[in-house]
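The listed protein sequences correspond, in order, to chains A and B.
Heads up: the first sequence begins at 232 in this note's numbering, then just goes up one per residue.
Heads up: the second sequence begins at 232 in this note's numbering, then just goes up one per residue.
Calculated from the structure, these hints are not laboratory results.
Possibly wrong hints are sitting among the right ones.
A pair holds if it fits inside one copy or across any two, identical chains being indistinguishable in the list.
Here are the simulated BS3-like cross-link-like pairs (lysine-lysine), alpha carbons at most 25 angstroms apart as the crow flies [what the hints assert, rightly or not]:
hint, residue 1, residue 2
1, Lys255, Lys289
2, Lys618, Lys340
3, Lys289, Lys250
4, Lys543, Lys569
Listed below, chain by chain, are the residues.
There are 2 protein chains.
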Amino acid sequence: MLIVQKYGGTSVGSIERIKAVAEKVAAFRSRGDQVVVVLSAMSGVTNNLTAMAYELQKQPSPREMDMLLSTGEQTTIALLSMALQEMACPARSYTGAQVRILTDNTHMKARIKEIDSEKIRHDLDQGTVVVVAGFQGVDENGEITTLGRGGSDTTAVALAAALKADECQIYTDVDGVYTTDPRVVENARRLDKITFEEMLEMASLGAKVLQIRSVEFAGKYNVPLRVLSSFEDGPGTLIVSEEELMMEMPLISGIAFTRDEAKLSVIGVPDVPGMAFKVFGPISDANIEVDVIVQNIGADQTNDITFTVQKKDAEAAAKILEKTANDMGAKGIRVDDKVAKVSLVGVGMRSHAGIASRMFETLSKEAINIQLITTSEIKVSVVIEEKFLELAVRALHVAFELEKPPA
Amino acid sequence: MLIVQKYGGTSVGSIERIKAVAEKVAAFRSRGDQVVVVLSAMSGVTNNLTAMAYELQKQPSPREMDMLLSTGEQTTIALLSMALQEMACPARSYTGAQVRILTDNTHMKARIKEIDSEKIRHDLDQGTVVVVAGFQGVDENGEITTLGRGGSDTTAVALAAALKADECQIYTDVDGVYTTDPRVVENARRLDKITFEEMLEMASLGAKVLQIRSVEFAGKYNVPLRVLSSFEDGPGTLIVSEEELMMEMPLISGIAFTRDEAKLSVIGVPDVPGMAFKVFGPISDANIEVDVIVQNIGADQTNDITFTVQKKDAEAAAKILEKTANDMGAKGIRVDDKVAKVSLVGVGMRSHAGIASRMFETLSKEAINIQLITTSEIKVSVVIEEKFLELAVRALHVAFELEKPPA
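If we strip away everything but chain A, and leave its shape as in the complex, we get (with noise of 0.2 angstroms):
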């Protein structure tokens, strides 16, 4: 097999670490798997040299930024090779130049275009291990880029892709993608596989465990990915396309909650159009991301608009809608952050009815208000009051009898 591993902060966050993924790697190359490791910096590294380049710049130049954060990954890539030739497995390190991961220009959140994977196929069939570093690239002028937060997966996958591998795995600190928290729920069962589509929307409602591009990027070259721990053995979670998991498909695959978002309502406001833009294009102006939108219309001839931020854009897109609730001649407007929001996720409920209703029923049966729903085609989300969070995920989990394996 052609793997493509690749291993975060904390995983390569100390010389012990470091000597304990050479031996993790050296082991599946001594099965006579070819091996391509791609490597964050380490813990904290990568802060410690912002924290400097702030000292010195009120706003740091991105593409001195690149030139700086860089270095971190160049560090661990070679400290790994060392580790992993003293255990007499060849190994050889890469910058994201020297195997030209060639992105567009935009420093510190470029894109990949292209990667030359000629002298690593050259490294891989001499049974050489290839240690590219994570999270950055050069653009066609030579200049050092990075990927932004995360960017390593998004490397691994990426090369994942040009080499055709047969796996790309993510290490991480977990060791799998759970149906639901497990600190939430105690008997959250790890899933051994979950769809693109599915990952993707665990991972935008707070089910952290990829980062969001990377898994996009899996899905458009269809790179089976794989989540596992780096610190213990397991199988982790195998992401694939919706139709390798066709005769496994269970309808729910996950339960995704945040507390991280505020509800806010313009109340009253007059049914007329142009009203939804007048309310959205002062706060999408401030850089305010909005997640869920309902709208009702009231008994009155007004309709109360209603939304979701994150919490800590709260207090800004209140200032702003408050102006807005004047010039347009509402009644006035309501602020709740005590709220949180919990989706069902599956790519089975698209062929399957009333997995809403089953929801909405559990929750009712727990004397559970509903505050806003929406939904998409693998996903119901509900707006609930916080309290009662714990609650919501627990009784869903039971309803939907996500502890058991799918048939």
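With chain A fixed as given, assemble chain B onto it according to the hints.
Leaving out everything else, chain B in the frame of chain A:
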């Protein structure tokens, strides 16, 4: 003026120091100079990285060491560029690979073959300060190489040569080159000028201000080299070719000395051909560098061969010599590590007889016994008992009136 400035590790050892360097650089630019800055890693960083490497690999791979160590300079060039930009001084950092400091492929002690100065010239023409990582280059295959300890000096000189710079300024923690060590002779005098040849002798004799290779390089390409302090203002010492110094050539420029040698002798070597090779062949095979060599024929038609090695090599050399002495039927060996070497250096002595005899006279007046003598065109060295070192240096400093500036 086009100036290449090099700042060492202590000069960029902290955020505050980096800001101080930025102020110095920005001042040159404000005066209308074009400035290229070459930096070392922050002091301590290279040693830390090296220590990590040795924790992972008994004999760290030279290729991976270069990958690792080159991050040190990459960090400082980004930080200094940020500091300059914050002072509204346009600046751009480049790694060795980016300005294509092409070297051979000898990792950890690569030699510069050629520099592509186009990118740098382009930036300079736009009024930008160019900040280049010292100590590192790239070979023909895009592999990162380093030049070995002190390599940043060489980078600076090589860049100055490639750019035909008006001056190459090496900023250090001393404010110039002195007639001798001011810790030994209180009124040691800073030299305004010194020739490349003299500087080489001073450096190789233990007055380590600059890396020897960088001085050779500067001499070869006739790059005016100035040593000055990063912490105080002052003209420093300009190192120039002999022609430029012609008119003001002093007899003696300085007194170098070292305590770092041990003296070994083989006594009673039969006076037949091939004996010297028999003595020095095995020493050289063991990679021990020999400094002074003196051979004297004794009254009994046997030779005494005496030489000095670095103190750290004395024990190993003695072991080898013991065996050699036995094999060749010599009478025995003697080892003395309580010696010191004192050297007068000056291009002026070429055209003036009597320097050596005045030296011997001075030492004799102080009742200092001379054990060995060697001379070169611009140097007279004597090996004496170590305890007389300070006395000898002070007496010679007075005898040759080194405290007085040349007329």
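Are the CA atoms of Lys618 and Lys340 at most 25 angstroms apart within a copy, between copies, both, or neither? Answer is neither: 37 angstroms inside a copy and 64 angstroms across each miss the 25 angstroms cutoff.
From the Cα coordinates, with 25 angstroms as the cut-off, is the pair Lys543 and Lys569 best called within, between, both, or neither? within (13 angstroms within a copy, 72 angstroms between copies)
With 25 angstroms as the alpha-carbon cut-off, assign the pair Lys255 and Lys289 to within, between, both or neither. between (42 angstroms within a copy, 20 angstroms between copies)
Within a copy, between copies, both or neither: which one fits Lys289 and Lys250 at a CA-CA cutoff of 25 angstroms? between (38 angstroms within a copy, 14 angstroms between copies)
When held up to the earlier numbered hints, the structure conflicts with hint 2 and nothing else.
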